[in-house]
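Work the whole structure out from these sequences, hints included.
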Amino acid sequence: MVSTQAAQAEQTSVESAEQATVEFEAKAIRQASRRGFLMALPAYGYLVLFFAIPLMIVVVYSFATRTSSGGTALSGWNLDAYRKLGEPIVRDILFRSIWIALLTTVLCLIIAYPFSYYLATRSERVRNVLLVFVMIPFWSNFLVRNYAWRVLLGNDGPVSQVTSAIGLGETRILFTPLAVIIGLVYGFLPFMILPLYAAIERIDWRLVEASRDLYASGFESFRRVVLPLSMPGVVAGSILVFVPSLGAYVTPEILGGAKTTLLGSYVVVQFLTARNWPVGASLSFVLMSVMLVTTLIYFRSGGRTL
Amino acid sequence: MSSTQQMRGTTKWALNLNAVLVYLFFYAPIFLLVVYSFSNDNLVGRWGGFTFNWYREFAANDEVQTALSVSIKVAIISTLVSVVLGTLAALALERATFRGQRIFDALLYLPIIIPDVTMAVMMLLFFTQGINLLDSWFGIRLSKGVTTVTLSHIAFSISFVSIVVRARLDGMNQKLEEAAQDLYASRLQAFRYVTLPQIMPGIAGGALLALTLSLDDVVITQFVAGPGSTTLPVYVFGLIRRGVSPLINAVSVVMLAISVSLVLLSLILQRTRSGADAA
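Residue numbers (my numbering), protein chains in the order written: chain A, 1 to 306; chain B, 1001 to 1279.
Worth flagging that the hints you see were computed from the coordinates, not collected in a lab.
Nothing here was measured: the structure is a model prediction, and the numbers come from that model.
Even glycine gets a Cβ: it sits at the ideal position worked out from N, Cα and C.
One should not assume that every hint holds.
Covered, in the sense of this in silico footprint (three residues per stretch, anywhere, with C-beta under 8 Å from a C-beta of chain B), are these stretches of chain A [to be verified]:
id : region
1  : 75–85
2  : 167–178
3  : 248–258
4  : 276–286
5  : 290–299
This is the structure:
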């Protein structure tokens, strides 16, 4: 009897001690959680006020009505602005933007793939030096890099001087879609090189050797081993180039002409010149949604390096 | 690496050629721009003998100098604020779990993937329309100017800073902080003497990134800048659209020099970081 009582007493004390530990832990977790929240709070609050709320205002304005005086009436909510996106003028700009962004992406891929392969197959020391020289243009002022092409492609500029000197006649590239594409490729090529390089560099070269041992030709082992293994880099690079090309504004403004209006410029014109805010708002919302969806698909498909 | 040895001669040759062409593509335009900035000719792309005139004009031009000082002011303030907020956010996300964490994480990613133009539109509508609500509710007035530009730059810089700092925290050994606390360091002491020194390269990298982004931004700034708050890139962009001039060459080279020195600085920082890791 005595021993069972003692055992019972012992058991209760153990239970209460366990309970105390659980409570203590719960309290510690609550405290840690509060601390974490407090640390996040300044940035959280800032982004809600200066990012989330502005974003909501854009959504609200995209359903608003444009008054005859060029103002915006926050009443009579409608889908007119979105319907206007289906009109021929806007549709042409939309298709042109997609076409130019796609072409830019493909060109970047064609140039960057062999280049990244070259980088990834150098010795580590050489590779690090070569990478630095990719990073420098990557971080250099984007506006200036576009302006450089304005100088190069100008009427009496060096490109034209060279072509006329070798008898090809003066070139008139500036203000054409070609000039815009050159500028975009120049601006976004590093976005393609870096993820591609990261993907190719990770490849286990013993797999390539194995394929060669199994009598694959050089091309075959590239097509069936290297290329599939570098696909994550191809996808990441393509998204990183396509997305900003689609919303490009600075490059077409500097290198493009009147006939190469792209989505970005169209949005800006709606706000600063045409004063049709609902259309500008709806278009920029659509633009953002396209990018969000692309990014989400990428993350869902298991991509990490963005 | 034996695969490279197995590569056929032509493939190897083509890869080498492509690499040379890529570097030529990257650097020839920049190089020529620097050369033409010293050219004594009124046309931007023609060599007319050596001169420093355009740089003299750069130094003497009041509008350019004002724009440059606005740029620097905005860049420094927005970097300081976004480094503090971004680092705290990174610590909160990497070292704690709290309610609403996932929403915060998503909110932090958005400014990175959102197109410039969309963000510009957002800020314009907020500072011209949304601010009216704040005015009627709290009596806060804000007209487009240096403040709105700085506030917008902070809004996109926080995310970039926090990504860089998070990457650093992610690779860091959390046991060291625990050890410090086991040795009776207070939470603050453990942060001050253990965590902070270790994430410092990340914070410095984030700060340089924020500086670069602020000094580069054209689109967003153009939408929220008022009279007197034009930054250098916005001023140059305006000039280019009206027509090119050799002065722009000189200003561009100065801007390029600033961004290249920032890149080199961050690369040097990375180098010392990997050196410290090895030791």
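Structure-based check of each hint:
no., hint, in the structure
1, 75–85, "violated (count 0)"
2, 167–178, "violated (count 0)"
3, 248–258, "holds (count 4)"
4, 276–286, "holds (count 5)"
5, 290–299, "holds (count 3)"
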